[in-house]
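Engineer: Go by the hints and put chains S, F and D with the ligands onto chain P.
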Amino acid sequence: MNVADPTEELVSHKDPQHHITSPATYYLIFGVLLILTAVTVGVAFVDLGRMNTPVALAIAMSKATLVILYFMHVRHSTRLTWVILIASFMTVGILFVLTLADYLTRGLLTY
Amino acid sequence: MSDTQPHHPALKHHFEDLGQQHEASTLGMWAFLTTEIMFFGPLFFAYALYRSQYSEAFVEASHHQNWKLGVTNTAVLIFSSLTVAMSVYFAQKNRHKALVVALALTLVLGIAFLGIKAIEYHEHFEEGLFPGSHFTYKSPLAPRVQMFFVLYFVMTGLHAVHMIVGIGIFTWLLIRARRKEFSLEYYGPVEVSGLYWHFVDIVWIFLFPLLYLVGRH
Amino acid sequence: MTTAVIDVPEIPEVEKTNYLNQEFGVMSWLLTQDHKRIGILYLLSVTVMFLLGGFFAVLMRLELVTPAGDLFSSDTYNKLFTLHGLVMIFFFLIPSIPAVLGNFILPIMLGARDLAFPKLNLLSWYLYMIGTAFSLVVVLLGGVDTGWTFYTPFSTSFSNTHVVLMIIGAFVAGFSSILTGFNFIVTIHRMRAPGLTWFRLPLFVWAMYATSIIMLLGTPVIAITLSLVAIERLLHVGIFDPAIGGDPLLFQHLFWFYSHPAVYIMILPAMGVTSEVIAAFTRRRIFGYKFVAFSSLAIAFLGFLVWAHHMFVAGISVYSAMIFSLLSFLVAIPSAVKVFNWTATLYKGSISIQTPMLFALGFIGLFLIGGMTGLFLATMGLDIHVHDTYFIVAHFHYVMVGGSVMAYFAGIHYWWPKITGRMYPEWWARVSAVLIFTGFNLTFFPQFILGYLGMPRRYHAYSPEFQILNVMSSAGASILAIGYALPMIYFAWSLKFGKAAGNNPWGAAGLEWQTTSPPPTENFHTTPVVTWEAYEYRPEWGGSNV
Amino acid sequence: MIDDFPLFPESASTVSGSVDALYFFLIAVCGFVSLVVIILIIFFAVRYRRTADNQIPVEYKEPKALEIGWIIAPLFPMMIMFLWGAKVYFTIARPPDNALEVYATARQWMWKFQHVGGQSEINELHVPVNRAVKVLAASEDVIHDFYVPAFRVKTDVLPNRYSTTWFQATKTGRYHLFCAEYCGTQHSGMIGWVTVMEPAAYQQWLAGGVTEGTPGALGKVLFEKYACNSCHNAESGSRGPALDGVFGKPVSLRGGAIVRRDENYLRESILNPQAKIVEGFEPIMPTFKGQVNEAELIQLIAYIKSLGASTEGGGPATPAKGVDGATAPAATAQPGSAASPSLPAVQPGVAPAPDARGSASGVGTEGSGSSVVREAKRP
Ligand code: HEA
Ligand code: HEA
Ligand code: CUA
Ligand SMILES: [Cu+2]
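Protein chains in written order, with our numbering: chain P, 1 to 111; chain S, 112 to 328; chain F, 329 to 874; chain D, 875 to 1253.
Just chain P, with the same shape it has in the complex:
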């Protein structure tokens, strides 16, 4: 949850540091994203058995992580941004896990 950071002192009314990411980083990330896209497509045409979906998702997640960290500047953001991000993914996680807990155990009847 978005637990407020109790140690955060008085609200700073100072200028935030304007972190400037260099274009080189942006280009690099862009390149990696394109490569990963190609990899997803390539991998999809290879039979990995039951691993196809997990691999596709893993690649998608790495791509998302790159976008979040570099394009969205989270790497250089405040702790609060991280907390917010983690909290929201956790909430989606709760939705997935607890609902699946129902669907996946419906057939089990060994009580």
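Be aware that a few hints might be false.
With a straight-line cut-off of 16 Å between C-alpha atoms, the simulated EDC-like cross-links for lysine to aspartate or glutamate are [stated by the list, open to error]:
1) Lys676(F) <-> Glu933(D)
2) Lys618(F) <-> Glu936(D)
3) Lys986(D) <-> Glu941(D)
4) Lys618(F) <-> Glu941(D)
5) Lys935(D) <-> Glu864(F)
6) Lys676(F) <-> Glu936(D)
7) Lys986(D) <-> Glu1170(D)
8) Lys123(S) <-> Glu850(F)
9) Lys1163(D) <-> Glu1014(D)
It is worth saying that the hints were derived from the structure and are not from the lab.
Structural biologist: Using the frame of chain P, we list chains S, F and D with the ligands on its own:
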């Protein structure tokens, strides 16, 4: 109103200074993005659930996707994310011309994405894959294939709506950028709109393999 | 709307220029970005919706006086409870404390000039009004009959009422609630006055913070879920449709994923108000401040983990039912922490039982009963019997009406002097508090018995042996109606004739009592610097109205 | 039986006592806690009332132990509530193996019950006293809910699968049956009565009941009518798997998953045959969705179940020519036949009945927890 510092025209009256205003707007956008995540979350969940239950049907359905257009669109969006990232950079560097170009490029790419999407929709429609009374697809798995297409249209449709909103926002940014409103001191709107655009990109990054590449091998 | 403007001259204590008389005219209200004026706009609109919802309730209670369904047709009755539930929840209770009191008081409590995004705040009210307009259109067109829960496949394929319009209304109203929550979070993080650290914040702020988290993370889920229902209605096929392999239970999961946390959207602000009022009328720092503060966050967090306790008999896996039952008990712990701490605050306090306190104590008692009966429902074996009976109806009215509405009234009375600069008539207010308390219990306590007897809810006609209890309930509802009507009269009266309140009529702590009543547009003449802890009472504040 | 002003519901099943006990336990605990809190509030409010306008109470140190104490303490009674509640819940969720089966079909806005003997009734349900009765229910339209307050049992009845509940009445009498899930206009009219009878009277009632033939026998007719037997017959090399004695047994599916054939599985196999393909067969079976209605579905399933019983002799598959009670298959509880108190001892198909509650057809298609394996089936 405290007039202790020289007044930047963009400073709103209820903020102490531009720093506070900038922080507030970035935090605001992040908070907004959490709601966006929760907005798409249930759709992804529904997809995961039905995909795990009706996997053959989903494979069959996915084969009706034009994955080449899908890849193209993925590349288009990633490229637009780059231009958005660069526009933040140009704004920070006070490079007004470059900023305008980057924003315009973003717009072009966004519209291109929607155009390609429209072609795909059209194809599906022709094939009778649009759910509801137009769904004429024949197969023993037809009902579950239809389930796939309901999810497909809802998810990509919602994504497209976000793209349209994004295009609106970036048009507005473009207008302001041409008036040279942004600078290292004040580039919050570019940054914040960029966050939104990247989020929309991320959604697509997940949608692409899930909708286009199921059981391709 | 200019009626709210106060006639200044003969009462010097009322601050001369304030947010009410700085500008005049309808447009100055409709286009205002002042959080206080927006609070007032919300106050007026939710009051109208409360009356509307109450009107539906009165009609329902009238019908239920006799076992036969003789007053309305079944369809009408079904529309009545649906509209009652929808109006009360989405258009009254969810916006009530946050959008009225939160909007008005929160920025002042923080020493801020306004919320972080005043335009979005105004937009939130407009969205609320658009949502309201949709729901009113639905009422005029003949209503909707799905129950406020919109269960599929009834809502998607069988109901032939205005489900889609109603969903649009709820959807839009949902976004107004998201905007409010989002504004509060940013404001609380970024706009606190210098020196106002997290642990110097009033507990109301903590409660609103926790509420806002739920609003942000939960509301989108209901928005998309209801949209899916609407899409399914329009396309005649959708993801909940059994014909293509859809699962109606998926709808219920998604619906309650929001709607359980939503009950905490309704109760957390009420708890925040109660903390403020208890502190003010005992002149003590709330016992266990940090525990109470963190229990709000704990409720917000745990509240996301228990939703399927609404589905114990719906056909979910018995194992997951167990998990949800266990977690439902855990969510009661932070509520218990609050109740015990409020009680302990009274110990060695300096207690003055004025109207806000009367409502706040009523809140504790009724919430206690409502919450405890929540435990009955979380107990799986028992829920099988009482699920979808009047026991549930009693449970949630105890927490929502006995709890949240009581606290809302506590808050309105407590901050009325700040909002308007005038005192309400204390005697009448106490009468109303007592009427509401008695009327409430008479209305809803018999429903527990009815529920355990087995009377199902949403029943237009019922078996004759349930009649006596139903008559009691209807009688109670009429007392309740009088109890609720009184405040509307004396509040209106006080605008003109109430005695001037002064800046701090209760001798209360909190930044809002250190500015003038009503506050100036920018809330403070100089930005306050906070050097004291929360709830540090000072004898010199006295209390001009004791 | 119905007083004018009852305050407590009749308790008439084996579980109702335990639900009531649980209820009283909660009332006691919660009543006690509420009383303590309310008395303290009133006491403090009087004892510490404000005496002077500018009175400021004395500060004292807040004992942490107290705080920890009241966080921990409520956990104990709550865990008892949880465990006890779960125990009762599981009892209600799991029908005993030898329960008498009743098929319920819910529809806007009526209940239809079919007995294994073929008798069917509307908004009335007759059951013998002291005999576990399992209700297997499905809905034809929206969600309904089978609720008998006197028995303290309730289950939602869903449109896409079977729900089960069970009860064993302990007292004869007539008890309310309610639909407890809102289902549209006549929701409050979707009510009926459960009549609990002495076994002998029950037999008599069965005998007098109109029966169109047992569900099994009717199912047999349908089996021919829909030409199921063109694919499903005992001949080797037939296109579909033989269905003799399959009920309740596990089956391996294409892709390696193994599921048990319970009612929900059969239901899905007929309505949505492509969802689970039996190992060694082709997915050629057409769907019968939209052709067979809920009542017919129940009959087909009853017939397939009865095929299981045939191995124990007494072939139930005797065609029910005239389709009336008189020619009902031998193995069914012959209405009017010597009323042995141990009544329908031989129930066709009432083999150890797996609980249908959990396994969703059409939805939780994984049946008996085979979800993980199912993923593997993709080429
Ligand atoms: C403000 C709204 C609100 C609040 C705060 C709550 C609070 C709780 N609710 Fe309630 N609930 C509703 C509104 C609310 N509810 C609504 C609207 C419905 C019906 C929806 C519909 O179907 O239409 C509902 C339905 C509902 C159900 C579903 C019933 C059914 O349909 O079968 C359940 C089941 O578990 C439940 C449980 C709880 C629990 C455990 C709490 C807990 O949070 C309560 C915690 C508080 C306390 C327990 C009191 C204080 C505690 C102590 C003093 C501790 C000491 C106690 C002991 C040691 C015993 N609620
Ligand atoms: C915030 C939430 C809230 C509030 C405040 C109330 C308030 C009341 N409710 Fe409501 N109720 C719900 C939320 C709420 N309810 C919900 C969610 C449901 C479930 C719906 C569903 O099943 O889908 C429900 C269902 C419900 C039922 C069950 C219907 C059924 O299942 O068949 C009943 C029956 O008695 C009832 C009664 C009342 C009464 C008597 C009040 C009273 O407290 C109201 C008192 C208020 C007034 C009387 C207004 C004041 C009146 C005047 C000032 C004068 C009169 C004005 C005019 C005539 C214009 N409610
Ligand atoms: Cu059927 Cu309610
Ligand atoms: Cu709940």
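Engineer: None of the hints should be skipped; say for each whether it holds.
Structural biologist: Evaluation of the provided hints:
For the proposed pair Lys676(F) and Glu933(D), the alpha carbon gap of about 9 Å is at most 16 Å, so the pair holds. Proposed proximity of Lys618(F) and Glu936(D) is supported: the alpha carbons are some 12 Å apart, at most 16 Å. Annotation: proposed proximity of Lys986(D) to Glu941(D) is violated, straight-line Cα distance about 56 Å (limit 16 Å). Distance hint between Lys618(F) and Glu941(D) is fulfilled; the C-alpha atoms sit about 11 Å from each other, no more than 16 Å.
The suggested pairing of Lys935(D) with Glu864(F) holds, with an alpha-carbon distance near 15 Å, which does not exceed 16 Å. Using a Cα cut-off of 16 Å, the hinted pair Lys676(F) and Glu936(D) holds, with the two alpha carbons roughly 12 Å apart. Taken as a hint, the Lys986(D) and Glu1170(D) pair is honoured in the structure, with Cα atoms around 13 Å apart against an allowance of 16 Å. Distance restraint check for Lys123(S) and Glu850(F): the Cα-Cα separation of roughly 13 Å lies within the 16 Å cut-off, and the hinted pair is therefore satisfied.
Distance hint between Lys1163(D) and Glu1014(D) is fulfilled; the C-alpha atoms sit about 12 Å from each other, no more than 16 Å.
In the structure shown, a violation is registered for the earlier hint numbered 3 alone.
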